[in-house]
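K.L.:
Below, each chain spelled out in residue letters.
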Amino acid sequence: QQQVKQSPQSLIVQKGGISIINCAYENTAFDYFPWYQQFPGKGPALLIAIRPDVSEKKEGRFTISFNKSAKQFSLHIMDSQPGDSATYFCAARKTSGSRLTFGEGTQLTVNP
Amino acid sequence: EAGVAQSPRYKIIEKRQSVAFWCNPISGHATLYWYQQILGQGPKLLIQFQNNGVVDDSQLPKDRFSAERLKGVDSTLKIQPAKLEDSAVYLCASSPGVSYNSPLHFGNGTRLTVT
Numbered sequence: 024q025q026q027v028k029q030s031p032q033s034l035i036v037q038k039g040g041i042s043i044i045n046c047a048y049e050n051t052a053f054d055y056f057p058w059y060q061q062f063p064g065k066g067p068a069l070l071i072a073i074r075p076d077v078s079e080k081k082e083g084r085f086t087i088s089f090n091k092s093a094k095q096f097s098l099h100i101m102d103s104q105p106g107d108s109a110t111y112f113c114a115a116r117k118t119s120g121s122r123l124t125f126g127e128g129t130q131l132t133v134n135p
Numbered sequence: 004e005a006g007v008a009q010s011p012r013y014k015i016i017e018k019r020q021s022v023a024f025w026c027n028p029i030s031g032h033a034t035l036y037w038y039q040q041i042l043g044q045g046p047k048l049l050i051q052f053q054n055n056g057v058v059d060d061s062q063l064p065k066d067r068f069s070a071e072r073l074k075g076v077d078s079t080l081k082i083q084p085a086k087l088e089d090s091a092v093y094l095c096a097s098s099p100g101v102s103y104n105s106p107l108h109f110g111n112g113t114r115l116t117v118t
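Here the protein sequences come in this chain order: A and B. So for the first sequence, my numbering puts the first residue at 24; every next one is plus one. So for the second sequence, my numbering puts the first residue at 4; every next one is plus one.
Please note that the accuracy of each hint is not assured.
Stated by the list, open to error - Stretch by stretch, here's where chain A covers chain B in the computed footprint (C-beta under 8 Å, at least three residues):
1. 14-21
2. 28-34
3. 72-86
Unchecked claim - Once the Cα atoms are required to be at most 27 Å apart in a straight line, the calculated DSS-like pairs of lysine-lysine come out as:
4. B/K18 with A/K117
5. B/K81 with A/K38
6. A/K91 with B/K81
7. A/K117 with B/K86
As the list claims (entries may be wrong) - Here are some chain A residues pointing at chain B (derived, C-beta under 10 Å):
8. T51
9. Y55
10. R74
11. P75
12. D76
13. S78
14. K81
15. F125
16. T132
17. P135
Since the hints were derived computationally from the structure, they do not count as laboratory data. Where a beta carbon is used, it is the ideal one built from N, C-alpha and C, also for glycine.
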């Protein structure tokens, strides 16, 4: 059972544009939602995370928007740069303790 | 701080052979994870250790996969015998604690190709 569905599978944006990646989850017990960034040949690295008690969290050019009723959350990358080209994974877990479940990933390419 | 170290970086074996991967976590990190990342998919947890005890191995194919964490520090993951579908990147991660928001620090992985 795929508990975290991520879209799109791949995304191409121009430098300076906005990149938007969406995720939907099924398990209503999930209450912690991190995003990880992975460059080729490297392991994923934590980018930003949110809990459902807030609808939005911003860190620099990266923003998570959260819609609890729709069981959806998204990552927005403002002013996208070529250096942002990477694979992005959303993930979810229960704060009470459970494994981190990852989405399938979105390969982002930012053209100069 | 030094990151999570993994070796080897690449391994090519034939099906039915055995293989072992090694991981050295960040110093002081009590929690260690092994993930399997098949091409085009997100990482999938195989096993989680807290110190040298197993916390979660529910997704580990125990008929062929085994893992141990020696003295609560280094860890090895073994596959015996390997199947074609085991071709993947095996990622080791560590975190300082078990709290939900304790970030996972991943190594660069071992890419396994089973022919």
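K.L.:
Give a verdict on every hint.
P.N.:
Evaluated hints:
Coverage of the region 14-21 of chain B by chain A is violated in this model, with 0 residues showing a Cβ closer than 8 Å to a Cβ of that chain against a need of three. Closer than 8 Å: that is the beta-carbon criterion, and the region 28-34 of chain B has 0 residues meeting it against chain A, so the requirement of 3 is violated. For the region 72-86 of chain B, the proposed coverage by chain A is not satisfied: 0 residues have a C-beta within less than 8 Å of a C-beta in that chain, short of the threshold of three. Annotation: proposed proximity of B/K18 to A/K117 is violated, straight-line Cα distance about 37 Å (limit 27 Å).
A distance of roughly 43 Å separates the Cα atoms of B/K81 and A/K38; the hinted pair therefore is violated under the 27 Å criterion. For a cut-off of 27 Å, the pair hint linking A/K91 to B/K81 is broken: about 40 Å separates their Cα positions. Between A/K117 and B/K86 the CA atoms are separated by roughly 33 Å; this puts the pair beyond 27 Å, and the hint is violated. Because the closest C-beta pair between A/T51 and chain B is about 16 Å apart, greater than 10 Å, the hint is violated.
For the restraint placing A/Y55 at the interface with chain B, the shortest Cβ-Cβ distance is roughly 5 Å, inside the 10 Å limit, so the hint holds. Below 10 Å, beta-carbon pairs count as interface contacts, and A/R74 has one with chain B at about 8 Å; its hint therefore holds. Residue-level restraint check for A/P75 is violated (minimum Cβ-Cβ distance to chain B is 12 Å; threshold 10 Å). With a cut of 10 Å, the hint placing A/D76 at the interface with chain B is violated, because the nearest CB-to-CB distance is about 13 Å.
With a cut of 10 Å, the hint placing A/S78 at the interface with chain B is violated, because the nearest CB-to-CB distance is about 18 Å. At about 17 Å, the closest approach between the beta carbon of A/K81 and any beta carbon in chain B exceeds 10 Å, and the interface hint on this residue is violated. With its C-beta approaching chain B no nearer than about 3 Å, A/F125 sits inside the 10 Å limit, and its interface hint holds. About 15 Å separates the beta-carbon of A/T132 from the nearest beta-carbon of chain B, more than 10 Å, and the hint is not met.
Annotation: A/P135 was flagged as interfacial toward chain B, and the flag is violated, the nearest CB pair being 26 Å apart, outside 10 Å.
Comparing the model with each earlier hint shows violations of hints 1, 2, 3, 4, 5, 6, 7, 8, 11, 12, 13, 14, 16 and 17; every other hint is respected.
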